[in-house]
Structures are given as C-alpha cells and as structure tokens.
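Engineer: The primary structure of each chain is shown beneath.
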Amino acid sequence: VQLVQSGAEVKKPGESLKISCKGSGYRFTTYWIGWVRQMPGKGLEWMGIIYPADSDTIYSPSFQGQVTISADKSISTAYLQWSSLKASDTAIYYCSRHYGDSSSSIDYWGQGTLVTVSS
Amino acid sequence: QSVLTQPPSVSAAPGQKVTISCSGSSPNIGNNYVSWYQQLRGAAPKLLIYDNSKRPSGIPDRFSGSKSGSSATLVITGLQTGDEADYYCGTWDSSLSARVFGGGTKLTVL
Numbered sequence: 334v335q336l337v338q339s340g341a342e343v344k345k346p347g348e349s350l351k352i353s354c355k356g357s358g359y360r361f362t363t364y365w366i367g368w369v370r371q372m373p374g375k376g377l378e379w380m381g382i383i384y385p386a387d388s389d390t391i392y393s394p395s396f397q398g399q400v401t402i403s404a405d406k407s408i409s410t411a412y413l414q415w416s417s418l419k420a421s422d423t424a425i426y427y428c429s430r431h432y433g434d435s436s437s438s439i440d441y442w443g444q445g446t447l448v449t450v451s452s
Numbered sequence: 264q265s266v267l268t269q270p271p272s273v274s275a276a277p278g279q280k281v282t283i284s285c286s287g288s289s290p291n292i293g294n295n296y297v298s299w300y301q302q303l304r305g306a307a308p309k310l311l312i313y314d315n316s317k318r319p320s321g322i323p324d325r326f327s328g329s330k331s332g333s334s335a336t337l338v339i340t341g342l343q344t345g346d347e348a349d350y351y352c353g354t355w356d357s358s359l360s361a362r363v364f365g366g367g368t369k370l371t372v373l
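Chains as they are written, first to last, in this note's numbering: chain A, 334 to 452; chain B, 264 to 373.
If you are wondering where the hints come from, they were derived from the structure by calculation, not from laboratory data.
Where is the CB? At the ideal position from N, CA and C, for every residue including glycine.
It is possible that some hints are incorrect.
Stated by the list, open to error - Restricting the straight-line Cα-Cα distance to at most 27 Å, the calculated cross-link-like pairs of lysine-lysine (DSSO-like) are:
{"no.": "1", "chain 1": "A", "residue 1": "LYS345", "chain 2": "A", "residue 2": "LYS406"}
{"no.": "2", "chain 1": "A", "residue 1": "LYS355", "chain 2": "B", "residue 2": "LYS369"}
{"no.": "3", "chain 1": "A", "residue 1": "LYS345", "chain 2": "A", "residue 2": "LYS355"}
{"no.": "4", "chain 1": "A", "residue 1": "LYS406", "chain 2": "B", "residue 2": "LYS309"}
{"no.": "5", "chain 1": "B", "residue 1": "LYS280", "chain 2": "B", "residue 2": "LYS309"}
{"no.": "6", "chain 1": "B", "residue 1": "LYS317", "chain 2": "B", "residue 2": "LYS369"}
{"no.": "7", "chain 1": "A", "residue 1": "LYS351", "chain 2": "A", "residue 2": "LYS406"}
{"no.": "8", "chain 1": "A", "residue 1": "LYS375", "chain 2": "B", "residue 2": "LYS369"}
{"no.": "9", "chain 1": "B", "residue 1": "LYS309", "chain 2": "A", "residue 2": "LYS355"}
{"no.": "10", "chain 1": "A", "residue 1": "LYS344", "chain 2": "A", "residue 2": "LYS375"}
{"no.": "11", "chain 1": "A", "residue 1": "LYS351", "chain 2": "A", "residue 2": "LYS419"}
{"no.": "12", "chain 1": "A", "residue 1": "LYS375", "chain 2": "A", "residue 2": "LYS419"}
{"no.": "13", "chain 1": "A", "residue 1": "LYS355", "chain 2": "A", "residue 2": "LYS375"}
{"no.": "14", "chain 1": "A", "residue 1": "LYS355", "chain 2": "A", "residue 2": "LYS344"}
{"no.": "15", "chain 1": "A", "residue 1": "LYS375", "chain 2": "B", "residue 2": "LYS280"}
{"no.": "16", "chain 1": "A", "residue 1": "LYS344", "chain 2": "A", "residue 2": "LYS419"}
{"no.": "17", "chain 1": "A", "residue 1": "LYS351", "chain 2": "B", "residue 2": "LYS309"}
To be verified - Every beta carbon over 10 Å from chain A, so not counted as near; a handful from chain B, in silico:
{"no.": "18", "residue": "VAL273"}
{"no.": "19", "residue": "ALA276"}
{"no.": "20", "residue": "SER286"}
{"no.": "21", "residue": "LEU373"}
Whole structure, please, built from the sequences with the hints as guidance.
Structural biologist: This is the structure in structure tokens:
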C-alpha cells in the first residue's frame, strides 16, 4: 500500500488550492480515504474522509464548509481543496487510509504535503 | 483542546518501560476502538496499535495497548533511543461523527 501526495505549495491568502493523494497497491474504491491536518508544532486533527466507490463523504464538524474532499476513482486519487486560503491554513496535510468502515482506524499515511499561506 | 487527553510528555531510561495514557468519554473511547500512532520527528505518523490491542505486521511486541472503560493505555517496554517520538491515541467519536485524536505525548528516552 502506498499513498503518494503532491508536493509542497506556497500560496497567498484568498487563493484557491487543490492537493492530491494517489493510492496504489490496493483496491482504491473500497477503502475510506481522507485527510489529517497538523499545524506547525501541533497535534493531529482529522478533517474528513471519502469512500471512492460512491463518493460518500464525512467531514469533521470543525472542517465542514471550510474544505472540500473529493476523489477520482478512475485514477485512484483523492483531493483536498480550498476555495479561499487563510494564513491559518498553513500546515502539513496528511492523506490517510482507513482499514475498514468509516469509524475504523487509519492504517496507512501519505508522506504529507506542506501548505504555506503567506502574503 | 483535544477531545482525548494525553500527558504532554513522558520520559524513561533505555531498557525501561513507559506508559502513556489516553482519557476520553463514553461517546469516544467508551464505545469505540482505540488506535495508537508513532510520529518520529519530521515524519508521517505510523500505526502502532489498532482495535485497542492489535499490532500491525512489523510492529514489535515491545508495544502493547489496552482499554478499560473510557481510557486506553500504550505500554512500551525495553525502551530504545529510536523510540523517541510523539505518540497519539485516536478513536471514533459517535456524538461528533468524526475521528478524534489526543493532543499527543512526547516520549524522551534519557
């Protein structure tokens, strides 16, 4: 199993952004895949997940309406998208796979994508 | 403020044993499985324990987990300098309908 994320990004406040995570080595459509935020020097925050087979999506209440999680099952890739970035979005974002149903543990992690938002 | 409470730091000497606690409540730890993750400095987290006490393939039996009521515990025996890392507990919270993590515990091997 591998989750390979897109590279680091430097953006200005108000800009949009979409980062990606390509899954390989397993059947992409039948595992929940999602995103975890880690702000500088801080802990892990679960953002939400998507089931690629039918695009069913669950967001953490803390991130609902702030980001969009999507997936393209034809290319085994999940996405995390912002329409208008803020400086407080500066963080490392990890892609993660859940081994079972939506409430199950994360078993694999991507390498992380550093997003820096600064004017 | 994290939903799950962990001590900010723990320390022990090489070869010794350390215990890391994770305290929650009925909607999260009390009624759902707990997992534990190790995050080495500058790296992505790695799964150590899932379903309260199961170890993924490749995780040494020096790492063990348990759960009682609304609390969980990670025990690391035979400490090595390479175990220095941040450790996080995580579980599903049925009232939030979201996965939650503890604030993390920094392990120092003296």
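Engineer: Would you mind marking each hint as holding or not holding in the structure?
Structural biologist: Each hint, compared with the structure:
| no. | hint | in the structure |
| --- | --- | --- |
| 1 | LYS345(A) with LYS406(A) | violated (30 Å) |
| 2 | LYS355(A) with LYS369(B) | violated (31 Å) |
| 3 | LYS345(A) with LYS355(A) | holds (25 Å) |
| 4 | LYS406(A) with LYS309(B) | holds (25 Å) |
| 5 | LYS280(B) with LYS309(B) | holds (20 Å) |
| 6 | LYS317(B) with LYS369(B) | holds (22 Å) |
| 7 | LYS351(A) with LYS406(A) | holds (16 Å) |
| 8 | LYS375(A) with LYS369(B) | holds (11 Å) |
| 9 | LYS309(B) with LYS355(A) | holds (18 Å) |
| 10 | LYS344(A) with LYS375(A) | holds (21 Å) |
| 11 | LYS351(A) with LYS419(A) | holds (14 Å) |
| 12 | LYS375(A) with LYS419(A) | holds (18 Å) |
| 13 | LYS355(A) with LYS375(A) | holds (26 Å) |
| 14 | LYS355(A) with LYS344(A) | holds (22 Å) |
| 15 | LYS375(A) with LYS280(B) | holds (26 Å) |
| 16 | LYS344(A) with LYS419(A) | holds (9 Å) |
| 17 | LYS351(A) with LYS309(B) | holds (25 Å) |
| 18 | VAL273 | holds (15 Å) |
| 19 | ALA276 | holds (26 Å) |
| 20 | SER286 | holds (15 Å) |
| 21 | LEU373 | holds (22 Å) |
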